[in-house]
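Starting from the known structure of chain P, fit chain L onto it as the hints suggest.
Which chain is which? The protein sequence lines are P and L, in order. FYI, the numbering for the first sequence is 55 to 159, going by this note's numbering. FYI, the numbering for the second sequence is 3 to 411, going by this note's numbering.
Keep in mind the hints are simulated off the structure, nothing from the lab. Glycine residues also receive a C-beta, built at the ideal position from the N, C-alpha and C atoms. Heads up, a few of these hints could be off.
Per the computed footprint, the stretches of chain L lying under chain P, defined by three or more beta-carbons under 8 Å from a beta-carbon of chain P, are [what the hints assert, rightly or not]:
hint, stretch
1, 43-51
2, 295-307
3, 325-335
4, 378-389
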Amino acid sequence: MPKIIYVDPAGARHECEVKNGLSVMEGAVQNGVPGIIAICGGGCACSTCHAYVDEAWVERVGGPNTMEDATLGLANDRRATSRLTCQIEVTPELDGLVVHVAQND
Amino acid sequence: MSVTHRIVVVGAGQAGLQLCETLRRSGHTGPLVLVGDEPHLPYQRPPLSKKFLTGELDAVRLALRPAEQLAKLDVALKLGTAVLAIHRDAHEVALADGERLGYDRLVLATGTRVRRLPAPGAALDGVCHLRGLDDAQAIRDRLGAARRLVVIGGGFIGLEVAAVARGLGKDVTIVEAQNRLMPRVVAPLVSEHYARVHAGHGVHIHLNTQVEGIVRAGEALAVALDDGASLPADLVVVGIGVVPNVELAREAGLHCENGIVVDEYAQSSDPAVLAIGDVAWHRNVLLGTSHRLESVQHAVDQAKNAAATLLGKPVPYAPVPWFWSDQYDLKLQMAGINRGHDSVVLRGTPDSGAFSVCYYEGTRLLAMDSINQPLDHMLARKLLAAGVTVPPTAAADPEFELKTLLPAG
Numbered sequence: 055m056p057k058i059i060y061v062d063p064a065g066a067r068h069e070c071e072v073k074n075g076l077s078v079m080e081g082a083v084q085n086g087v088p089g090i091i092a093i094c095g096g097g098c099a100c101s102t103c104h105a106y107v108d109e110a111w112v113e114r115v116g117g118p119n120t121m122e123d124a125t126l127g128l129a130n131d132r133r134a135t136s137r138l139t140c141q142i143e144v145t146p147e148l149d150g151l152v153v154h155v156a157q158n159d
Numbered sequence: 003m004s005v006t007h008r009i010v011v012v013g014a015g016q017a018g019l020q021l022c023e024t025l026r027r028s029g030h031t032g033p034l035v036l037v038g039d040e041p042h043l044p045y046q047r048p049p050l051s052k053k054f055l056t057g058e059l060d061a062v063r064l065a066l067r068p069a070e071q072l073a074k075l076d077v078a079l080k081l082g083t084a085v086l087a088i089h090r091d092a093h094e095v096a097l098a099d100g101e102r103l104g105y106d107r108l109v110l111a112t113g114t115r116v117r118r119l120p121a122p123g124a125a126l127d128g129v130c131h132l133r134g135l136d137d138a139q140a141i142r143d144r145l146g147a148a149r150r151l152v153v154i155g156g157g158f159i160g161l162e163v164a165a166v167a168r169g170l171g172k173d174v175t176i177v178e179a180q181n182r183l184m185p186r187v188v189a190p191l192v193s194e195h196y197a198r199v200h201a202g203h204g205v206h207i208h209l210n211t212q213v214e215g216i217v218r219a220g221e222a223l224a225v226a227l228d229d230g231a232s233l234p235a236d237l238v239v240v241g242i243g244v245v246p247n248v249e250l251a252r253e254a255g256l257h258c259e260n261g262i263v264v265d266e267y268a269q270s271s272d273p274a275v276l277a278i279g280d281v282a283w284h285r286n287v288l289l290g291t292s293h294r295l296e297s298v299q300h301a302v303d304q305a306k307n308a309a310a311t312l313l314g315k316p317v318p319y320a321p322v323p324w325f326w327s328d329q330y331d332l333k334l335q336m337a338g339i340n341r342g343h344d345s346v347v348l349r350g351t352p353d354s355g356a357f358s359v360c361y362y363e364g365t366r367l368l369a370m371d372s373i374n375q376p377l378d379h380m381l382a383r384k385l386l387a388a389g390v391t392v393p394p395t396a397a398a399d400p401e402f403e404l405k406t407l408l409p410a411g
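For reference, chain P alone in the conformation it holds in the complex (with noise of 0.2 Å):
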């Protein structure tokens, strides 16, 4: 199983084996990671799973499609590297993956 490791808004690091074909939130969910909160459980209509994808993956992983884009208006603290992380999906090649969750509350 791929390996994504979260960095939470304290700082700290979670690493965590996701599945593949779930979500980046799905995992975090699974994992307890705090600040993920993904209030409308992947539904790309609210914004609480709000992550900074780490600047060495930002190529790989892509940036967000139109609705996503719109979605992202609502987050907090909006960067180049902001994407809601419902919307990105574990693969073998996101193993590593580091995201930097965002403030959501």
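The following block gives chain L in isolation, referenced to the frame of chain P:
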């Protein structure tokens, strides 16, 4: 109020679980008991009429938190357990298994139940109502083999099920008693757009039509309509609304209307009892109204509001309500509550597939529905939260940038 209080939460849905999580995260150290009548771990409901039905999501992925995360919350979970009565004098609830649970504070998150089809044949095998996970599983189990689906009720649930079933290649017919789809929640022009899209996908729509009854006809079912027609069906799904589970509260003498009446701090007519989520007839000070809302956003936000009250740091409830519905490639996003509107302004053109509808009371913007127009939705939520209205002439101009109206900062 005290962080050591023993708090009993009745109802293990989105609101009940959120309350327990927020209380623990905010330093509540007293015992927490979460009682639910379903046997399942707390789960997400929105996908039940969407990705769960297609098989894209399984029941495990519906769980709001996996068991090991729930265990860390240090919440005593009593699942598959109904509550029979509230004894307010003794500060106890009586459970179906005979146990009596004492409480310092009681939170009712009892939600709603489906409105059953009031017609003969509603209990036949193959006639399914949709509310809980077991209901959705029953529909999913039957959908594979079904060729013809009749959906009774043209609201969110019915339309989402219809869209999913068309995606699976089923022959789908919708029967709606009113003269348009989603009649209670959206403007006619939104209803018309959705009727066009569903028809374009090959769904048959009967408006102004009541179901008189359902009978078994050999292997199949036959749905008799009040215009004399009979629709053959392998599966019937009923989505005609819900009723709030107020009986426990009412029998305990708590003030109830169409829901358990609570104030802007989620407190009922008994200071030791709060109510949250779908069942709560609550006050929202931003909107200046009281109402009941069936939504994830409200369940989560009011759970946090109740947690603040329980922790002795009450904050008046004032979020902008929002909702969404996914059908085909249409994302309907709604901000605000349009009740009481006296005019409607169209922003954009429905034919383009992306537009918004703005609801006004005089010149005050009450709500906005956005169809594949997420930027409008996002800005509507921010503008409503800031108490900023959008002049109707500006709203009607799709070139007008709503964000220029946002207060600085």
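Cross-check of the supplied hints:
{"no.": "1", "hint": "43-51", "in the structure": "holds (count 3)"}
{"no.": "2", "hint": "295-307", "in the structure": "holds (count 3)"}
{"no.": "3", "hint": "325-335", "in the structure": "holds (count 4)"}
{"no.": "4", "hint": "378-389", "in the structure": "holds (count 5)"}
Violated hints are absent here; each numbered hint is respected by the structure.
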